[in-house]
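**Q** Residue numbers (my numbering), protein chains in the order written: chain C, 1 to 423; chain L, 1 to 252.
If you're looking for bench data, these hints aren't it; they were derived computationally from the structure. Keep in mind it's a predicted model, so treat the numbers as computed, not measured. A few of these clues could be false.
To be verified - Cut-off 16 Å, straight-line C-alpha distance, at most; resulting in silico cross-link-like pairs (EDC-like, lysine to aspartate or glutamate):
| hint | chain 1 | residue 1 | chain 2 | residue 2 |
| --- | --- | --- | --- | --- |
| 1 | L | Lys196 | C | Glu97 |
| 2 | L | Lys196 | L | Asp81 |
| 3 | L | Lys196 | C | Glu94 |
| 4 | L | Lys50 | L | Asp151 |
Unchecked claim - To be clear about the criterion: a stretch of chain L counts as covered by chain C if any three or more of its residues have a C-beta under 8 Å from a C-beta of chain C, and this derived list gives those stretches:
| hint | stretch |
| --- | --- |
| 5 | 71-77 |
| 6 | 182-192 |
As the list claims (entries may be wrong) - Ranges between beta-carbon positions, derived for each pair:
| hint | chain 1 | residue 1 | chain 2 | residue 2 | range |
| --- | --- | --- | --- | --- | --- |
| 7 | L | Leu28 | C | Gly237 | 54 to 60 Å |
| 8 | L | Asn149 | C | Gly313 | 51 to 57 Å |
| 9 | L | Thr161 | C | Glu240 | 54 to 60 Å |
| 10 | C | Ala327 | L | Leu28 | 23 to 29 Å |
| 11 | L | Ala20 | C | Lys239 | 49 to 55 Å |
| 12 | L | Leu181 | C | Lys78 | 25 to 31 Å |
| 13 | L | Lys16 | C | Met322 | 17 to 23 Å |
| 14 | L | Lys32 | C | Gln144 | 42 to 48 Å |
| 15 | C | Ala315 | L | Leu245 | 41 to 47 Å |
Note that beta-carbon positions come from the ideal geometry of N, C-alpha and C, so glycine has one too.
Here's the letter readout for the chains.
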Amino acid sequence: AATIVIMLARYAPRAFRAAATVRRSLSALAEEEAFAPLRPAVTMFSEEEVAVRDMVSSWCKAELQPHVREMDREGEMKPEILQSLFANGLMGMEIPEEYGGSGMNFTSACIAVEEVAAVDPSFAILVDIQNTLTNNAIRFWGSQELQDKWLPRLATDTASSFCLSEAGSGTDAFAMKTTAIPSADGSYYTMNGSKLWISNSKEAGVFLIFANAAPEKGYKGITAFVVDANTPGITVGPKERKMGLKASSTCPLTFEDVKIDASCVLGEVGMGYKYAIEILNEGRIGIAAQQLGIAKGAFNATMPYLRERKQFGQAIGDFQGMQHQVAQLATEIHAVETMTYNAARMKENGLPFVKEASMCKLYSSQVAERVASKCIEWYGGVGFTEDIIAEKFYRDCKVGSIYEGTSNIQLQTIAKIIANEWE
Amino acid sequence: MRVLVGVKRVVDYAVKVRVAADKKAVDLSNVKMSMNPFCEIAVEEAVRLKESKAATEVVAVSIGPKQAQETIRTALAMGADRGIHVQTDLRTDQELDSKAVASILSKICADESPDCVILGKQSIDGDFGCTGSMLASLMSVPQCTFAANIDFEKKTVERETDAGTEVVAFPSLPAVFTADLRLNEPRYATLPNIMKAKKKKIATLSASDLGVDLSSGNEVLEVFEPPDREAGVFVETVDELVGKLKDEAGVI
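Pulled out of the complex, with its shape left as it was, chain L reads as follows (with noise of 0.2 Å):
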């Protein structure tokens, strides 16, 4: 089995972002990037599917531009077999959207034919959430997001849901799973594999040679920071609270 994984090159986790001064972006100028999180757990269950023999080859995906070849070496330490870098300026942020990512994965997947592919739930920069489903409804292959378990054998995928998980079957592959965050704890690329990742290949393709339409069905307009959570009340009773909640509030 064949899986390919999607790997996108994101601002790290733990960096407090700012928003540029043109208040079009966020500021991304010497800014710690790192893989998105939920990449790294799509990766992670790969990798494992290839050390259980369930698969035979893990290739790596990035879109974006030049460094986001250092994202996919990181697969590769952690165990991806070779990479592919689909080369763009375009901010991957915010002006390369879910559409144009799901159509160039497609176009990639035509000419890999993995039988599995995973990609992360969401990116932790756009958190649209939505190339998952779009890949899969381009590749008319059947979808299970926000994958918390998935059992190659029973073809089942435990989801996580707002008011729990629920399990889905899915009748073939090729599928496109998204991982969520209980699917696993994805591993540190050991120091020896960093090493063997410089001699695994990376493909580099452009993305304006692969003949999609890469532009964006959104237009942003601003981006502005969240207001600043304002400080809370003390309150002396329940009845004051529940006061305060009915007519304050509004939320009962």
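Chain C with its partners taken away, still in its complex shape (with noise of 0.2 Å):
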């Protein structure tokens, strides 16, 4: 630790006052490694984590791989699926027990999430939706009768939506014309306008909708809502034909003079903007598992091939050329698993995982989108149809560097924290 000191006074200042702090600790850590067990790798999960990894991968297998290409083709969710998530408690990992919950922690709906993905995409952001953003928001900032109603319905049978995006406000989202003006005795409030892209709308029973309480602050007046999709006036429009994610379901809202009671108010009213942007954070690290589980999904369904198939009388696994392309991606893969999971302990352990969350959001989707695509290069033509699940892959994780904040709006993230680091 000395030496290291040393060249960084000598050769960067800057860097040597971030170190002095790192030097008095580094002499701390030392004693304390000397008496410390063996640390876990990142990939080293809990006996309840590997534990929920092969009751998911089963379930999904039997339940879930036998319908991925008819609910793609038909753009719907089978009931009977929906349900078995449900009763299974794979949509209330975090929720405590007394609530119906699993009473799992955060890396554990991670990997809930991602095994789903590896098998339908589509389910996987249904579950990681429910998860990492309504149950938790609700969970951190809902008061004590908002939690008691709708945490148990969440664990056991309500689907939910988060709605933010507009037809004008996407990456801006503080610019959303969506207003919810309190009564004059402030006893509820009435919501007009409408929101846009709303992933799993049709399924969902209640809506966590953000909508300004006081337009005349800016967004310093966006109030979050938890809102039974059964209110009148709500309006759930038609699905999007979209490219891949066919079977979630993705619709406009409609809100015509919504009667919201006060009681609907997720903590507290003006805070929305900051409870959105709190709730993305993680729900990124949700959305790295999605994007993880779609990359070994391709991977995997891919792999056997290669070994099958055979050309100029040897396998095409064989092909150097291959090799090497198959030994990039898999390291790619590795490095996004390692990163997502990693970014879930920090968060579990109370650390600043923000930087980390943009990160490991962004490069999982752009690694799975390079493996979905490789993987129909390596199927050959086949690879080009429907026989093959590789293309379902590719077209559904493309949006991955788009929804939960776009790749762009991820480096802008990440680089404006560098900057303050640098400052």
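The task is to assemble the complex, starting from two chains supplied on their own in separate frames and drawing on the hints.
**A** Right, dumping it as structure tokens:
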């Protein structure tokens, strides 16, 4: 540690200031290390986390896999499969047991999202939004009343949608136009406006809606509401015809004089902008888990073919060109895996994780696209047909670099944090 | 009624196993292990008995290395109440044979006094299918093997045979049952139950402390893969088919 410190002081004065703190903690660490047990690798999971992975992958293989193509073609989620998701505890993973949830940790939720995504990314986004956005937002900021009302339902039978984006506000979320004006006595709000691109809105029984309760205050009026989907005045529009994630409904929502009781406000009025940013930070790790699942799913579905397919008297997997491509992509998948689960652990350990969450969302979506694309090529001509699942992963992964924060906004977020580190 | 269930940790059914370099065993390094599928069916049957109030307690027993506790946890997550881990470093796919396993289980049963023992009909590594019968013999209790349906009211079991099924009666409990494929469809361990299983107890014993002869009656000489399946032959006529079956295959 001493040599490093001297070098830093001589060659990088700015870094030396940061290193001074590191130096003090390094020696404390060194003492600790002498007595500390062996530290686990990022990819070493607890017994329950391994059990989650095993259970979810078995469930996916038996219950989900046989219906994936059909649901993609029909653009519909089968209700029985949705019910089975709930029955097996996948929709309330971090919800405490007393509310009927599974009482597990964030990493377990990411593992579940990853395993589902390796079979059907459409179901993975449903599980991801439910667990990492809706459930957690309500647990973090919801009043006791709101938690008592919704957590049991979210855990057992009610799907949810996260309603932030509008026609005129995607990345610029604060430019939203939907309003929720308080009544004179403050006992209810009247919501008017619309939302666009809302995932799983056809299946959802509850909406987490962001609307401005005080437009004159700009973004500081944005408020989050937990609203029953059956509330009069809410219309779920027709499904978008998407390139991928077809089984997951994506619809516009319209609000016409929707009366919302004040008890539906999540947390404090005017804090919605903050809740949205914060919850999306961890939601990014969930998306990274989904993209990781897509990458692994495509890769694992393609590797056997490289042994099966023979050209010029040998398995195509034996050609060095193929081997190098496989090695490159396997390396990138491994990088995504470690960075995603590391970000999850950082969050669990209460460490700041915004930069790392952005990084893994950014990178995982890029890797998923590269892997899915190459898998089609590895399959050759038949990879271009619906007979092979590779093309579905390719179509499904594209939105990964767009939703829950576009790649450009991730780059911006990462750059800003780094700039602050070097101020 | 107390039900004792045996759960064996085996190579996952989906894994393509390879023979170890020394040709003395299957290569188990870095291979995914899971509960034997027939043991899953046994656990499911036991848990259903508890749910129908016919049983009061389900005890899951596994013999093997430390990781066998993971298999017991899966049984606990499916609904078993407590577990017993009999620790041994002997390879459970070939060094510990059916007789040793049955002897260990009979010692456990002497302590636990179960009213009913349900095992899988066979394990997918050894495939011996002997443990259940040997255990019943050691315990001097009735055995109903290859059970496709167990009726505890009527005290009958529908057994699978090569020719179909037959119904046998068992005079009394305790008895040993071995589960066949059609007995039931095992449940998934739901995520809340995985968490609940953490709180359930697993007692650990050492196989060598039980005073049981653990030596195998068999010696494995060689482990090898079956010969590659060769391509078939197309024939033009039925006569040609009959001719080939008679003269070449020698089966008619």
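**Q** State, for the Cβ atoms of Leu181(L) and Lys78(C), whether the hinted interval 25 to 31 Å holds or is violated.
**A** holds, 26 Å
**Q** That 42 to 48 Å hint for Lys32(L) and Gln144(C) (C-beta), does it hold up?
**A** Holds - the Cβ-Cβ distance for Lys32(L) and Gln144(C), about 44 Å, lies within 42 to 48 Å.
**Q** Does the hinted range 41 to 47 Å hold for Ala315(C) and Leu245(L) at CB?
**A** With a Cβ separation near 34 Å, Ala315(C) and Leu245(L) fall outside 41 to 47 Å, so the hint is violated.
**Q** Assuming the hint says 51 to 57 Å, is it satisfied by the Cβ distance from Asn149(L) to Gly313(C) or not?
**A** For Asn149(L) and Gly313(C) the Cβ distance comes to about 53 Å; the hint holds.
**Q** How does the Cβ-Cβ distance of Ala327(C) and Leu28(L) compare with 23 to 29 Å: does it lie in that range?
**A** Taking Cβ atoms as reference, Ala327(C) and Leu28(L) lie about 26 Å apart, which means the hint holds.
**Q** When I compare C-beta atoms, does the stretch 182-192 of chain L have three or more residues closer than 8 Å to chain C?
**A** holds (count 5)
**Q** Starting from the hint 49 to 55 Å, judge whether the C-beta atoms of Ala20(L) and Lys239(C) obey it.
**A** Once the Cβ atoms are compared, 54 Å apart, the range 49 to 55 Å for Lys239(C) and Ala20(L) holds.
**Q** Does 54 to 60 Å hold as the CB distance between Leu28(L) and Gly237(C), or does it fail?
**A** holds, 55 Å
**Q** Are Lys50(L) and Asp151(L) close enough, with their CA atoms no more than 16 Å apart?
**A** Holds: Lys50(L) and Asp151(L) sit about 14 Å apart, inside 16 Å.
**Q** For a C-alpha distance cap of 16 Å, please report whether Lys196(L) and Asp81(L) respect it.
**A** holds, 10 Å
**Q** Quick one, are Lys196(L) and Glu94(C) close enough, alpha carbons at most 16 Å?
**A** Within the cut-off at roughly 14 Å; holds.
**Q** Verify the CB-CB distance for Lys16(L) and Met322(C) against the hinted window 17 to 23 Å.
**A** Once the Cβ atoms are compared, 21 Å apart, the range 17 to 23 Å for Met322(C) and Lys16(L) holds.
Hint 15 from the list above is the single one not met by this structure.
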